[in-house]
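J.: Generate coordinates for the entire structure from the input sequences, incorporating the hints supplied.
Letter by letter, the chains look like this.
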Amino acid sequence: GQNIDQPTEMTATEGAIVQINCTYQTSGFNGLFWYQQHAGEAPTFLSYNVLDGLEEKGRFSSFLSRSKGYSYLLLKELQMKDSASYLCAALRGGYSTLTFGKGTMLLVSP
Amino acid sequence: DGGITQSPKYLFRKEGQNVTLSCEQNLNHDAMYWYRQDPGQGLRLIYYSQIVNDFQKGDIAEGYSVSREKKESFPLTVTSAQKNPTAFYLCASSPGQAYGYTFGSGTRLTVV
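As you go down the protein sequences, you meet chains R and B in turn.
For the first sequence, the positions run 302 to 411 when the working numbering is used.
For the second sequence, the positions run 3 to 114 when the working numbering is used.
Possibly wrong hints are sitting among the right ones.
Some but not every residue of chain R turned toward chain B, in silico, with C-beta under 10 Å [claimed, not checked]:
1) Thr314
2) Gly316
3) Gln338
4) Gly341
5) Thr345
6) Tyr373
One side only, chain B facing chain R, incomplete, derived with CB under 8 Å [stated by the list, open to error]:
7) Tyr12
8) Tyr35
9) Gly42
10) Gln43
11) Leu92
For the record, the hints were derived by calculation from the structure and aren't laboratory data.
Since this is a predicted model, take the numbers as computed values, not measurements.
A virtual CB, placed ideally from N, CA and C, is assigned to each residue, including glycine.
T.: So this is what it looks like as structure tokens:
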């Protein structure tokens, strides 16, 4: 079966750092994606991890541990525009489909 | 500019009517997908197609149908058999596994 867990909501202050965790159990795992989705809009790609370790891309970084079934998205120097839902998604290699978690709603306050 | 287009953005239908949601891409992607998003549920896979004239059921295919007659187009029909059709529908395409998806802007369907 497929199961992806991430916190429902998080709050943080402008300029701070926040870490959004994701745990997964999925057959045929072939990588982990993070997407950002603003209310009423389409998700947009943030990162992709297939090997263990940290991938850094500007203010955003993503980490993967395949042995632990664990990933996190790290957002630095938070801005008000970072208020959005962050979706963790596992790639099922055999089917080339993404299984999504329910998303973490991040609220950044002044 | 290349992209993926869903139309219309908002759609209202009466209960018992079939409705078709459009999805067109000019990215030359082989794979296309339909997801449904409900509050608190995340995105759930309805149907996907990895090549023209072929498609597979996703996790919640009951009450839906698709076709893939052209590479660029992957329309989704919501039939009267779908018990709770009101939702936000997202279409996506992908050139391959490691590239993830490009999403359309979505269609919000309301059945009254």
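J.: For each hint, tell me whether it holds in the structure or not.
T.: Now for the hints, and whether the structure bears them out:
1. Thr314: Not OK, violated: Thr314(R) not within 10 Å of chain B, min 26 Å.
2. Gly316: Violated - the Cβ of Gly316(R) stays beyond 10 Å from chain B, reaching only about 29 Å at its closest.
3. Gln338: It holds, given that the least Cβ distance between Gln338(R) and chain B is near 9 Å, below 10 Å.
4. Gly341: With a closest approach of 8 Å, the Gly341(R) hint holds.
5. Thr345: At 8 Å from the nearest chain B Cβ, Thr345(R) passes the 10 Å test, so the hint holds.
6. Tyr373: Violated, about 18 Å.
7. Tyr12: violated (11 Å)
8. Tyr35: Where the cut-off is 8 Å and the nearest Cβ of chain R is about 7 Å from Tyr35(B), the hint holds.
9. Gly42: Hint holds; Gly42(B) Cβ to chain R Cβ min 6 Å, cut 8 Å.
10. Gln43: holds (6 Å)
11. Leu92: holds (6 Å)
When each numbered hint is compared with the structure, violations occur for hints 1, 2, 6 and 7.
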